[in-house]
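Here are the chains, one letter per residue:
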Amino acid sequence: MKVVVHVQLREGVLDPQGKAIAGALNTLGFAGVVDARQSKVIALDLEDMDESTARARVDEMCRKLLANTVIETYSVSIEPAG
Amino acid sequence: MVWHADHDLPDVDIVLLPGGFSYGDYLRSGAIAARAPVMHDVIAHAKRGGYVVGICNGFQVLTEAQLLPGALLRNANLHFVCRSVHLQIANPDTGFTCAYGSGAVPQIPVAHHDGNYFADAKTLDRMEGEGQVVFRYCDNPNGSARDIAGIINEKGNVLGMMPHPERAVDPATGGTDGRAFFESLMRGVR
Numbered sequence: 001m002k003v004v005v006h007v008q009l010r011e012g013v014l015d016p017q018g019k020a021i022a023g024a025l026n027t028l029g030f031a032g033v034v035d036a037r038q039s040k041v042i043a044l045d046l047e048d049m050d051e052s053t054a055r056a057r058v059d060e061m062c063r064k065l066l067a068n069t070v071i072e073t074y075s076v077s078i079e080p081a082g
Numbered sequence: 001m002v003w004h005a006d007h008d009l010p011d012v013d014i015v016l017l018p019g020g021f022s023y024g025d026y027l028r029s030g031a032i033a034a035r036a037p038v039m040h041d042v043i044a045h046a047k048r049g050g051y052v053v054g055i056c057n058g059f060q061v062l063t064e065a066q067l068l069p070g071a072l073l074r075n076a077n078l079h080f081v082c083r084s085v086h087l088q089i090a091n092p093d094t095g096f097t098c099a100y101g102s103g104a105v106p107q108i109p110v111a112h113h114d115g116n117y118f119a120d121a122k123t124l125d126r127m128e129g130e131g132q133v134v135f136r137y138c139d140n141p142n143g144s145a146r147d148i149a150g151i152i153n154e155k156g157n158v159l160g161m162m163p164h165p166e167r168a169v170d171p172a173t174g175g176t177d178g179r180a181f182f183e184s185l186m187r188g189v190r
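Protein chains in written order, with the numbering used here: chain L, 1 to 82; chain R, 1 to 190.
Bear in mind the hints are in silico, worked out from the structure with no lab data behind them.
Even for Gly, the Cβ is constructed at its ideal location relative to N, Cα and C.
One should not assume that every hint holds.
[To be verified] Quick list of simulated restraints, FRET-style, between CB atoms:
1. ARG190/R - GLU60/L: 54 to 64 Å
2. GLU130/R - ALA81/L: 43 to 53 Å
3. MET1/L - ALA5/R: 47 to 57 Å
4. GLY29/L - THR123/R: 40 to 50 Å
5. ASP48/L - ARG187/R: 38 to 48 Å
6. ASN77/R - PHE30/L: 20 to 30 Å
7. ASP25/R - ALA20/L: 17 to 27 Å
8. VAL34/L - ASP8/R: 37 to 47 Å
[Unchecked claim] The calculated SDA-like cross-link candidates involving lysine to any residue, where the alpha carbons are at most 25 Å apart (straight line), are:
9. LYS64/L - THR173/R
10. LYS19/L - ASP120/R
11. LYS64/L - VAL38/R
12. LYS19/L - HIS113/R
13. LYS19/L - GLY49/R
14. LYS64/L - VAL169/R
15. LYS19/L - ARG35/R
16. LYS64/L - VAL2/R
17. LYS40/L - PRO69/R
18. LYS64/L - ALA36/R
19. LYS122/R - LYS2/L
20. LYS19/L - GLY103/R
21. LYS64/L - MET39/R
22. LYS122/R - LEU14/L
23. LYS19/L - VAL2/R
24. LYS64/L - ALA111/R
25. LYS19/L - VAL38/R
26. LYS40/L - VAL2/R
27. LYS64/L - ASP147/R
28. LYS40/L - VAL15/R
29. LYS40/L - ARG35/R
30. LYS19/L - HIS40/R
31. LYS122/R - GLU72/L
32. LYS19/L - ALA76/R
33. LYS47/R - LYS19/L
34. LYS64/L - LEU27/R
35. LYS2/L - TYR26/R
[To be verified] Examples of chain L residues lying across from chain R (beta carbon under 8 Å, computed):
36. PRO16
37. ALA20
38. ILE21
39. LEU25
40. LEU65
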């Protein structure tokens, strides 16, 4: 099963890479780009299991490794089995 | 020397996690190393009150292992910074700074890309109140909160710092201002 974890810096944590991206977009002539925030997407391929088990396991993975909750927040989406 | 995949730490007084991108920066700086097998023993050593020192990449590992508060972010100006900086000793009464004379302003090299120390304001206030801020930059090279260059844990036996005192121990290679750091440690373990 496919699970997508989205990890982003908390609000208020400086994101200099995002700022550089916003600056470059403005330089390219894309007026009106006020800010940009860079984040991470981690796509996991797990053995099939029921959704609540998967959600609990991935949540534990996020807390133990995938996100540093001092500076980041995360969200998990589980793709429907197809 | 202990390998990251080892499970046992020999009987030692001080564990030093050196810098130099020794552990890679995959996912986040120090993130994977902080979960390496040997870290179980390093954490146990710290919990027993043993000295643990993390320099540069080692500092990042210690915050990721939650032995120290906060986190190290990308330098605010995005540049890799590699130069000598002057440090203020914010707490001279620690096992890492006691050999520095009062008013010492050691000049120590820094070389890092992710040295921008971050913690929320409440945590920073608490750390400052408890004397956990040990070194500050005189001229902040990376955007660190409150000019923080090095910190200790609440018990005072775990230290992390971005500057490299081990690169300032010989007049032939950039001065000797780092020596008092190691002399302080030796006093503590004798």
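Going down the list of hints, with the structure as the test:
1. Taking 54 to 64 Å as the suggested C-beta distance range, the pair ARG190/R and GLU60/L does not conform, at roughly 43 Å.
2. For GLU130/R and ALA81/L, the hinted distance range of 43 to 53 Å is satisfied, since their beta carbons lie about 51 Å from each other.
3. Our hint of 47 to 57 Å for MET1/L and ALA5/R is violated, since their Cβ atoms are close to 30 Å apart.
4. Our hint of 40 to 50 Å for GLY29/L and THR123/R holds, since their Cβ atoms are close to 41 Å apart.
5. For the hinted restraint 38 to 48 Å between ASP48/L and ARG187/R, the CB-CB distance of approximately 59 Å leaves it violated.
6. Remark: the range hint 20 to 30 Å for ASN77/R to PHE30/L is upheld by a beta-carbon distance near 23 Å.
7. Our hint of 17 to 27 Å for ASP25/R and ALA20/L holds, since their Cβ atoms are close to 18 Å apart.
8. Checked against the hint of 37 to 47 Å, the pair VAL34/L and ASP8/R fails, with Cβ atoms roughly 53 Å apart.
9. Proposed proximity of LYS64/L and THR173/R is contradicted: the alpha carbons are some 40 Å apart, above 25 Å.
10. For the suggested pair LYS19/L and ASP120/R, the alpha carbons sit about 21 Å apart, so the restraint of at most 25 Å is met.
11. Note on LYS64/L and VAL38/R: the hinted pairing holds, with a Cα-Cα distance of about 16 Å set against a maximum of 25 Å.
12. Under the criterion of a C-alpha separation no larger than 25 Å, the hint pairing LYS19/L with HIS113/R is consistent with the structure, at around 16 Å.
13. Distance hint between LYS19/L and GLY49/R is unfulfilled; the C-alpha atoms sit about 42 Å from each other, more than 25 Å.
14. At most 25 Å may separate the alpha-carbon atoms for a hinted pair to count; LYS64/L and VAL169/R exceed this at roughly 38 Å.
15. For the suggested pair LYS19/L and ARG35/R, the alpha carbons sit about 31 Å apart, so the restraint of at most 25 Å is broken.
16. Taken as a hint, the LYS64/L and VAL2/R pair is honoured in the structure, with Cα atoms around 24 Å apart against an allowance of 25 Å.
17. A C-alpha spacing of about 23 Å is found between LYS40/L and PRO69/R, which places the hinted pair at or below 25 Å, so the restraint holds.
18. Between LYS64/L and ALA36/R the CA atoms are separated by roughly 12 Å; this keeps the pair inside 25 Å, and the hint holds.
19. About 38 Å separates the Cα atoms of LYS122/R and LYS2/L, which puts this hinted pair outside 25 Å; it is violated.
20. For a cut-off of 25 Å, the pair hint linking LYS19/L to GLY103/R is broken: about 38 Å separates their Cα positions.
21. Restraint check: the Cα-Cα separation between LYS64/L and MET39/R comes to about 14 Å, which is no more than 25 Å; the hinted pair holds.
22. A distance of roughly 17 Å separates the Cα atoms of LYS122/R and LEU14/L; the hinted pair therefore holds under the 25 Å criterion.
23. Distance hint between LYS19/L and VAL2/R is unfulfilled; the C-alpha atoms sit about 40 Å from each other, more than 25 Å.
24. Straight-line distance between C-alpha atoms of LYS64/L and ALA111/R comes to about 28 Å, which puts the hinted pair past the 25 Å bound.
25. Between LYS19/L and VAL38/R the alpha-carbon distance is near 37 Å, which puts this suggested pair outside the 25 Å criterion.
26. Of the pairs offered as hints, the one joining LYS40/L and VAL2/R is violated, with about 32 Å between alpha carbons and a cut-off of 25 Å exceeded.
27. Taking the CA atoms of LYS64/L and ASP147/R, the gap is near 29 Å; set against the 25 Å cutoff, the hint is violated.
28. Annotation: proposed proximity of LYS40/L to VAL15/R is violated, straight-line Cα distance about 33 Å (limit 25 Å).
29. At roughly 20 Å between alpha-carbon atoms, LYS40/L and ARG35/R fall within 25 Å of each other, so this suggested pair holds.
30. Our distance criterion of 25 Å between C-alpha atoms is broken by LYS19/L and HIS40/R, whose separation comes to about 37 Å.
31. The hinted pair formed by LYS122/R and GLU72/L meets the criterion: a straight-line CA distance of about 17 Å does not exceed 25 Å.
32. Pair hint LYS19/L plus ALA76/R holds up; C-alpha atoms about 10 Å apart against a cutoff of 25 Å.
33. Only pairs whose Cα atoms come within 25 Å are accepted, and LYS47/R paired with LYS19/L is rejected, the gap being roughly 39 Å.
34. A distance of roughly 13 Å separates the Cα atoms of LYS64/L and LEU27/R; the hinted pair therefore holds under the 25 Å criterion.
35. For the proposed pair LYS2/L and TYR26/R, the alpha carbon gap of about 22 Å is at most 25 Å, so the pair holds.
36. Checking PRO16/L against chain R by beta carbon gives a least distance of about 5 Å; that is within 8 Å, so the hint holds.
37. The interface hint given for ALA20/L holds, since its Cβ lies 6 Å from the closest Cβ of chain R, which is under the 8 Å cut-off.
38. Against a cut-off of 8 Å between C-beta atoms, the interface hint on ILE21/L is violated, since the closest Cβ of chain R lies about 11 Å away.
39. Using the Cβ-Cβ criterion of 8 Å, the hint placing LEU25/L at the interface with chain R is not satisfied: the shortest such distance is roughly 16 Å.
40. The interface hint given for LEU65/L holds, since its Cβ lies 6 Å from the closest Cβ of chain R, which is under the 8 Å cut-off.
Hints 1, 3, 5, 8, 9, 13, 14, 15, 19, 20, 23, 24, 25, 26, 27, 28, 30, 33, 38 and 39 from the list above are not met by this structure, while the remaining hints are.
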